[in-house]
Amino acid sequence: MKFKVTKRGLFITVMLAWPLIHYLVFGLFLQIQTLLYSFKNWNPYTGKQTWVGFDNYISAFKSMANDGVWTSAIKNSLLFIPINMLSIILSLLVALVLYRKIPFARFYRIVYFFPSIISIVVVTMVFSFALNPTQGIVNGMFDLLGLEEWKRAWLGDTQTALISVFVFCIWAGIGWNNVILTGALQRIPTDYFEVGKLDGITFWNEFRYIVLPISWSTISTLIILGTSGAFTIFLQPMLLTNGGPFNSSTTVALEMYRLVVEKNSYGLAAAYGMIFALIGFVVVWTVKWLTERFETVEI
Amino acid sequence: MIKERRSIGNKVWMIVLQILFMGYALSLIYPFIWMFINSLKSNAEFFQDIWSLPENWLWGNYVEAWSAAHIGKYFFNSVWMTAIGTFTSVMFAAMPAYVLAKYKFKGSSIIYGLAIIGFLIPTIGTFGPWYLLMQNLNLFNPLGVMLGYAGGIGFNMIILYSFFKGISWEYAEAAFMDGAGHFRVFAQIMMPLARGGVVAVCTFAVIGIWNDYFQPFILLQNSSQYTIAVGLANLVEIQKYSADYTVLFAAMWIAVLPVLVMYLILQEKLISGFTMGGIKG
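Residue numbers (the numbering used here), protein chains in the order written: chain A, 1 to 299; chain B, 1001 to 1281.
Note that these hints are calculated values from the structure, not bench results.
Check each hint, because a few of them may be wrong.
[As the list claims (entries may be wrong)] So, partial list: chain B residues that the calculated Cβ filter (under 8 Å) puts toward chain A:
no., residue
1, Phe1021
2, Leu1028
3, Pro1031
4, Ile1050
5, Val1099
6, Ile1124
7, Thr1126
8, Trp1130
9, Tyr1131
10, Ile1153
11, Phe1183
12, Ile1207
13, Leu1232
14, Ala1255
Note that the structure is a prediction, hence the values are computed from the model and not measured.
C-beta atoms are modelled at their ideal positions from N, C-alpha and C, and glycine is treated no differently.
Extracted from the complex, chain A is given alone in its bound form (with noise of 0.2 Å):
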């Protein structure tokens, strides 16, 4: 067999070379490297690296079933899937009734928008000077109201820590789900809502045979999206709580995000990223098969 080198082919060389290599450095080479680290463990002191078979794996499943820092953290991982899909519906309830043109329509999209535009370090400062315990906004209007007795220390509370942290997501998030959304709205051509006026259809009905059909693959992205983000979720509770009062808000990614860096266990947080990108794989191909049920209109 003989390569001839044609221009052509060397153009999509050069165009590929240095992506095709970021992505066997920093895609393939990483992930073939976390599946050797989890059968590895390093010396704490002395940095040696010494190969222990499936020890990493029998610890991890072992305090995934008895310690209470990783119960915790599956639970409330497994709980951002329905909070995530809570956030969806609202963002499509929102960008559904901004799309009808309601007074201040465009001030609402460009307040909603406005957390995602800002550093995730800022809203999570500004939501968190709110629920201060002394200081906050919240505790102060019941001070105002007269509601003392429903003061709280809102995120140093195990009652109410992880419950912030969801409102936090769902509070800061529906602004980028609503427009990605409304460009899903957007590219419904308005000929389809004009006859459906015509015969007189429920908002309902509307709903369910134009808007649902025509903007799913969006909306299924998302839903998909929402689904593996819950694996990979941390920063919203690493900058909030710390995943405290007592691991009560942590989750799967803060732990092993942990791990590495305030313990230096690279061995055991490998073994949990391997079992838990397994059980994420699953469920997303698993809601991704659902979401394809659906029947879709390409317009």
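Mind docking chain B on chain A? Use the hints.
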């Protein structure tokens, strides 16, 4: 009669909607205004009453945040990192996107598949190997952060791919007839024709990189290299102990103001940049 009742129902419905929508909007805006008001107070005044207007407007808090808290320096770091990061990330996404969309060759669908698979496997375990790799390559510095942005095969590529797909190949053929090479056709004809997609992807990149916290937080060890997001998070940690909240509020406002102004001027373009991109599964 029925019609009248229906329109009253609609009106009530509309008022309820407006209250809900306005309430949510205020919950997003008011904390920022509250922080601005309190950023002009002395710390003692803030602890006395969180609702009052400042007795004396202490603009000195802003001077202190800018100089003592180095927000000015971080701001400059963020500007150049965002500029370079946006350019490289969009270029390295456009190159494979164009080749995959317009040239047929063995393995092209595999490369496209790589980008899709990236979304569907939640990768979290790679953090440890990445951490050690970056350490071994001596990349705990701005160069390492830049390298992270210069990927290419991923989300941006998929968006640009669909834009290139939609451009007629006749433009390129005409240029080839005139003796233009492949690179020239790409840079001078196809990239400008895909303007809409390029602008949309640049918007994603600018916002994403300006706000990126995690990679710079891990990789930037020297405080003189901090970006504004990392610097601000660091300031939050420091102020937790010294409890000098009003200066912290001022620092936060300095960090937000340029983005806020840019957003208010460009909001129409920014939001349409997001909507036109069109995420599809």
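Here is what the structure says about each hint:
Because the beta carbon of Phe1021 of chain B sits about 5 Å from the nearest beta carbon in chain A, less than 8 Å, this interface hint is met. A hinted interface residue such as Leu1028 of chain B counts as satisfied when its beta carbon comes closer than 8 Å to some beta carbon of chain A; here the least separation is about 6 Å, so the hint holds. Residue-level restraint check for Pro1031 of chain B holds (minimum Cβ-Cβ distance to chain A is 5 Å; threshold 8 Å). Against a cut-off of 8 Å between C-beta atoms, the interface hint on Ile1050 of chain B holds, since the closest Cβ of chain A lies about 5 Å away.
A distance limit of 8 Å between C-beta atoms decides the matter here; for Val1099 of chain B the minimum to chain A is near 5 Å, and the interface restraint holds. With 8 Å as the threshold, the beta carbon of Ile1124 of chain B comes within range of chain A, its nearest partner Cβ sitting at about 5 Å, so the hint holds. The restraint placing Thr1126 of chain B at the interface with chain A holds, with a minimum CB-CB distance near 4 Å, inside the 8 Å limit. This hint holds: Trp1130 of chain B has a C-beta 6 Å from the nearest C-beta of chain A, less than the 8 Å allowed.
At its closest, the beta carbon of Tyr1131 of chain B sits 6 Å from a beta carbon of chain A; the interface hint therefore holds under the 8 Å criterion. Hint status for Ile1153 of chain B relative to chain A: holds, with the closest Cβ pair at about 5 Å, below 8 Å. Against a cut-off of 8 Å between C-beta atoms, the interface hint on Phe1183 of chain B holds, since the closest Cβ of chain A lies about 7 Å away. Hint on Ile1207 of chain B holds. Least Cβ distance to chain A is approximately 5 Å, under the 8 Å limit.
Hint on Leu1232 of chain B holds. Least Cβ distance to chain A is approximately 5 Å, under the 8 Å limit. Checking Ala1255 of chain B against chain A by beta carbon gives a least distance of about 6 Å; that is within 8 Å, so the hint holds.
The structure meets every hint from the earlier list without exception.
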